[in-house]
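Chemist: As a plain string of letters, each chain reads:
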Amino acid sequence: MIPVLIFLPILAAAFVGMLDDPRAEAAKRTALGVALFTLLMSLWAYATYPIPFGGFIGELKFDWLPLVGSRFHVGFDGLSLPFAALTPLLTAVSVLASWRKTDKGFFALMLLLQGALVGVFAALDLVVFFLFFEAVLVPMYFMIALWGYEERRYAAVKFLLYSLVGSVFMLAAIVATAYLAAPALGRVSFDYLELVSATGYLANLPAASWLFWGFALAFLIKLPAVPLHTWLPHAHTQAPTAGSIFLAGLLLKMGGYGLIRFNLALFPGELERFANLLALVALISIVYGAYVTLAQSDLKRLIANSSVNHMGYVLLGIASMTAIGIHGAVYQMVAHGVITGLMFLMVGLLADRTHTREIAAMQGVYSAAPKLGAVLWLALLGGLGLPGLAGFLGEFQSLWGGFLAEVTRPYVWIAVFGIVILAGAMLWTIQRVLLGRSDSNLDDLSPVEVAAAAPLVFLAVLLGLVPAALTPWIDAGIQPLLTMVQEVFK
Amino acid sequence: MSYVELSYWIPLLPALGFALLALGGRSFPGRGSGWFATAVMAVVAVLSLGLLHDVILAAPGWNLAALLGGHHEEALIKPGSPDFPFRLEWTWLAIRGEAGIPLVIYIDSLAAVVTAMVALASLFIHLFSIGYMHGEERYPTFFAYLQLFSAAMLAFVLAGNFFHSLLAWEVMGLMSYLLIGFLYKKKTAQQAQKKAFITTKLADLGFMLGLFWLYLLIGNFDLADLGSGQNLLAIGTGAAAAVGLLVFIAAMGKSAQFPLHVWLLDAMEGPTPVSAMIHAATMVAAGVYLTARFYPLLLFGGVLWVVALVGALTALFAAVLAPAFADVKKILAWSTVSQLGYMFLGLGVFGWAAAMFHLVAHAFFKALLFLGSGSMIHGAATQDIFEMDRLKKHMPWTYWTFLVGALALMGIPPFAGFWSKDLILHAAEEHAPLLWLIGLLAAFFTAFYTTRMIVIAFHKPAMESPWKAAEWTRGAPWLNLGPEEAEPDPSPPAGHHPHESGAEMITALVALAALSILVGFWGSPIFGYGLLTLVYRGEMPELLPASKLMTGYVTGTLVALAGAGLAWFWYSADPLKQRAPLWLTAALQRRLYIDEFYYKVLGALAQAPTQVLAFIDRYLIDGLVDLAGYTSLVISSLLRHLQSGRFATYAFYMLLGALALYVGGAR
Amino acid sequence: MTLAVIVLLAFGGMVLALIAPSFDERPAVLGAISGTVFGASLLMGLLAAHESGVIYGAVVMGPLTSAAIVLLSLVGLLVAAGAAIRKGGFALGSGEVHALVMWGVLGGILLVASAHLLMFYLALELSAYSTYVLVGYDRDRRFGTEAAAKYMILGAVGSALLLFGMALVYTETGNLGYTGIAIELGGNPSALARGGMALMLVGLGFKLAWVPFHAWAPDAYQGAFPLMAGFLSVAPKTALALGIVVLLSRAFGGSESVMAQWIGGLALLSVVLGSFWALLQNDLKRLLAYSTIVHMGFLGLALSTASLTGYTAVAYYLAAYIVTSLGFFFALEALEAEGLPSTLESWKGLGRRNPLLGVLLAVFVLSLAGVPLLAGFLAKLYVFAALAAAQAWAPLVVAVVMVVFGYYFYFRILAAVFLEAPAEDSPELAFSPTAFSLLVLLALAVVALGVWPQPLLRWLQAAVTAVM
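Chains as they are written, first to last, in the working numbering: chain H, 214 to 703; chain C, 181 to 847; chain L, 18 to 485.
Calculated directly from the structure, the hints in this document are not laboratory data. Note that CB positions come from ideal geometry on N, CA and C, so glycine has one too. Any given hint might turn out to be false.
Unchecked claim - Each computed EDC-like pair below joins lysine to aspartate or glutamate, with the alpha-carbon atoms no more than 20 Å apart: (1) K365/C - D657/H; (2) K365/L - E364/H; (3) K757/C - E610/C; (4) K365/L - E363/H; (5) K703/H - E619/H; (6) K572/C - E680/C; (7) K584/H - D656/H; (8) K584/H - E644/C; (9) K366/C - E610/C; (10) K366/C - D405/C; (11) K728/C - E610/C; (12) K104/L - E163/L; (13) K584/H - E317/C; (14) K274/H - E407/H; (15) K366/C - D652/H; (16) K314/H - E238/H; (17) K365/C - D652/H; (18) K365/C - E317/C; (19) K648/C - D802/C; (20) K314/H - D657/H; (21) K104/L - E201/L.
Claimed, not checked - The calculated label-pair distances, taken between Cβ atoms and stated as ranges, are: (22) D300/L - V814/C: 41 to 47 Å; (23) L813/C - P279/H: 37 to 43 Å; (24) V468/L - E363/H: 36 to 42 Å; (25) R400/H - S408/C: 54 to 60 Å; (26) V679/H - V814/C: 22 to 28 Å; (27) A573/H - L804/C: 26 to 32 Å; (28) G803/C - A573/H: 23 to 29 Å; (29) G356/L - F832/C: 35 to 41 Å; (30) E700/H - G241/C: 52 to 58 Å.
Unchecked claim - Partner residues are not named here, just some residues of chain C that face chain H (Cβ under 10 Å, in silico): (31) K365; (32) N411; (33) A784; (34) I801.
Model the full assembly from the supplied sequences, consistent with the hints where possible.
Modeler: This is how it looks when you write it as structure tokens:
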């Protein structure tokens, strides 16, 4: 099943690329079909995941590069399933959001991204993980550079190189970890599960902190955490709508996911050692991110900067190393994917209509286009962490977990003010963009666009009110990790 | 099936009503969406009354004489039913090894009483809105918002887990935000809604932090657990005080207590039923309710005096400012702030049940007053009391019902406010004489501004409003708006004649008038303090000996009559005579410049880092990143000079390399 | 079999040279002959895998020799086929090109197979001379002759130092045979011997274009016609790299070898400086020259570990590099045939003018950059693995950082191809089917090696193990 989820979109991308399709009609239908089909498959996997037993489902392994000790090993557990299901969903949304595009290449890139992202979340071998982690960069680069706004080239290169800086260090760390762990395992292995069993050994290595930071750097850049975040506003602002949805919804998630999957599981001791520093970084991301958001005059850039704030909560939750905090981190990631995806969707649709992203040039969108205005309103409120929508539960749990751990507690006291600052930024945006009188005519949402927004709105509300739709999976995913961490500390 | 088992439908029904109206509200014909929402609330009201009935049967009974005599230990005459307080529980957010967040409905007497109060007030406000909002562009949306608000408020009251209290609390905040800005094209409405949201959100941080701390101490968010002696001991005095005060900050924000009162006046930008519902009867009272729930911590932590002090000061402060205003809604808004202050005063001086009694009574009579003002505005086409033309003649129903509310507010016997407010003052007299004096003074002003309002609006002919767009209020400096940005409130068009409101509106007014009288009697000594003994928790030094009560009642009435008399004397003679110095009027109308201080000093301080940080972000941090890139390119272009293209240079490199290798190698 | 290959290639070259003038008008015939010969030698190379033994104490038969025959014959075969891309002939006639390529390949094979320093030197010169000629062969090119002259004279300097180094080694050990040298040197070579080894490295480094002996490369690449630049970028490198594997493992001693350490230093210098130099290049062949320098640096890092993992990485790296680099140079050749010079400027909008070509170029360039699922990624991964296995952390970190620089200059190519709009009057690009099928074939090979390297790896590892 997992290979289908990974490779079907990639093959479909090749197929789409070869279509003789000047208007991209067949291309987008193919893309939508593949996305929906894989969505159903991943939802089925999500629904049938044996929560009480935990562990990995759909596991598949075969020797791929035995000479270096790497296997093609994939599987889903409760930690990866939410993201694996979110990926095809956001792909489908992106396809619908790009319904007016007439380039088949655009849809091919989306499918490539989808396949690679599922690969990232499914990988249980460090080399395979890196492979997909890196493979995401290229389609994203082209998506920004080809279909972005005016400064697309600069943004694309910045995105590419900045991400790469992180991932090459991670590659070094991956290789080093495998070889350093070899004495404990009796052989060189990149297998995640085998390496996890050597966590105790890894903890005693003198190089452990280097390895930890090798991984962490890549993930902190992806997350992104201040001061490693400056690629993000450029990339988000310049990317086309679909690109922004992918970036916000999924690419950033690779960072948080990686921190939990690798940094927490392989180097819990180092994580504890540097928890103070990470919490400080998280705090700065939250407060500073909120302030910088407040200063923006470009609507997409504003939302991009709000992501820095949102992902700060993820880091805070992880740094707390409490069950609740990590729950919050994962919840926040999913919620951010849904809500920020929705924000970028609506802002993209709005910018296409107004031909500007300048907040000062917009006014009264709600009265001109009530449906668009209402959904954007909802999304922006979701962005400020409004209770009843998904983001609140994520932020609340992260802060809650952060408060429970002694090391992160002082930071929580200050971090909460980030909520208010961001709320100010979002409300001010609502006031400037949505409210007031409009003197221009805007088309309201078309049925296709409503179809694109509907699942995200539904999820934002569902996850805001019914955590049982997500929490049990997270629990099944992270409790074994935490148990293992406890053992290492003993 | 008992009503208890059905209780989850109480918040659920209006929530579903919201969903239906939000998605398909426009397909209802005419006023259909309004009637639909009202019908939903009617069902909810029936369920709530049924629940109240169940609770009255199951709750423990108290011997009044023993209570009044101070013999609390002998006072219990009927033990409560074993399953009381009722509790329904579902899994909601479960984390292995942690208590997580279960979904709990917790129904004790207080919850049941407040639920019934909310449901009834909400029902009549819905009914009133059917007529009042007629012709509004977003008619179904308005009812959708009201429905969701009602759902949130009911959920808040019934929640047995503080997390869900917070959730519902915040949703109420959202609905308050949306409804204040219902007329979203108006600049003042936009600013006011933002102000309300930010102020309360800031205060809510206290709630959140308080909950975190509470969980750290006792490992759950359970409401019922809070008061248990074992937990209190585990928490300890200092932590209890800290947590209690943190939560109290949130309550101050929600209930607009000084110094966080600044948003409530501007909230009057919302349509009048909203003011009645959210900014008078229910949501603002939620702060009091929450403080009542955290009462054990505040008591144990020994910080009740803070609550009392804030309450007393707010009660007086708001009552003093109210007479300076001409907008009927703003006068009522100040009155609300002031009355909420009384409730906090009551809580602070150990008058827990009295405060709860005032909460319920106030909800009804203030909803009545606000709806009455809505009816006045509807009929007179202005909000300015000076511009209203002898409304008593034109709108008799409105006048008489409004009068009931006003008398209740002033504390004239036998109306509701008399019974409840005086109990609070008695408690204050007992425990904090100074605060008692402040309370009495506030009562004097209350009677004064209420009478002033009635005399000018109902008895006097229309006249030029003295301060309309006064120079010091042009624009709306407390909303940070310039003179050009805000439109002044409209005056009635020439030739407009006041007229009585429609049947739905009158029905709502009459019903609320009846309720506010009834609820007053229910809590009065005449009927054995029924309401008080019902919510009484049996552990607090609460009710006072009857002998002392009588003097209190007399004092309270005299003070109220004095205030009312003075206002009558002054304003029936010449309403326009400027009796206070102009600078004082200006200062009062500018709300003592507190709002402007917040905007210009605190707001500016909070926002000060914005541009600096944005600059740092763009040019320092990002600049460093770009610098790293450019440095590489510069190095590259410098290194290119090494590749000169000349043979001799190349040979030189080779020989140099060879030499280096040889020397390095042979050494 | 090995012997037969040597004979076949030697005589094949001669025959080609002899009959060349009569086929100046029909170069395709010569290409076909050359291709047939290389095809035969490739098959024979596969058959030679199980041979063993030494011929005259100078030429070793064995799995590694067989691997070298296969890889180099493959290069020859591809170049012979690639010659068909080229439109029009040379002023000097086309026939000799094939002969020279064949001798160059022969020299390369002998280099790997040699067991004696003298043999090594002769093989090196044989392969070198053919490339000297080939670089300047197209004498109408602007830089061709100049580049060839520089290349040759610098090459002579390199050879001289190599010879001098050998002489010093001989002075110290009295041996020119690898086995004898290894025995005499033991674990602790004398200062003089170490000096000799160091000077030998100058000659070797020159061929592999390690900094600071690289200076000829950009000029030579720019001066040569693209097909030859391609040949230059793979054939001598393959021969030399495998030759060094043999030298290191047979003559100059195991993992503690000082020679290996110096190689590491040179390689690191190449990776870093080559990357910097490449950042701002606008001429594609010069860019590729620097890219070769960087790649040879990575390869040298693997060599410097002097371990089985390292040598396997070297062998795989070479295989990956052959298909990738030749693919890129073939595309250059094909575009030059269309009148597009090899500059970034003229490549603007290629992806829009011909999307399939764009995709093929992307495959080669991304593989050069080291993007996953393409051959170039695994090549680098193996190098890093070898470094990690040898616990060489500092070179590992430097190397991974330089990958980022690589992305920058490779993506500049892609940006020109895909992001820029083509010039207004640019005509449709029409390629010969030969060119397209060759490019598609190579692109598929790049993908195949990146996705399923297993069979090749096993074979290469077996070959390398044989010399350890």
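Chemist: Taking the numbered hints from earlier one at a time, note which ones the structure violates and give those numbers from smallest to largest.
Modeler: Numbers 3, 8, 9, 10, 12, 19, 21, 22, 26, 32, 33 - these are the hints that the structure violates, sorted from lowest upward.
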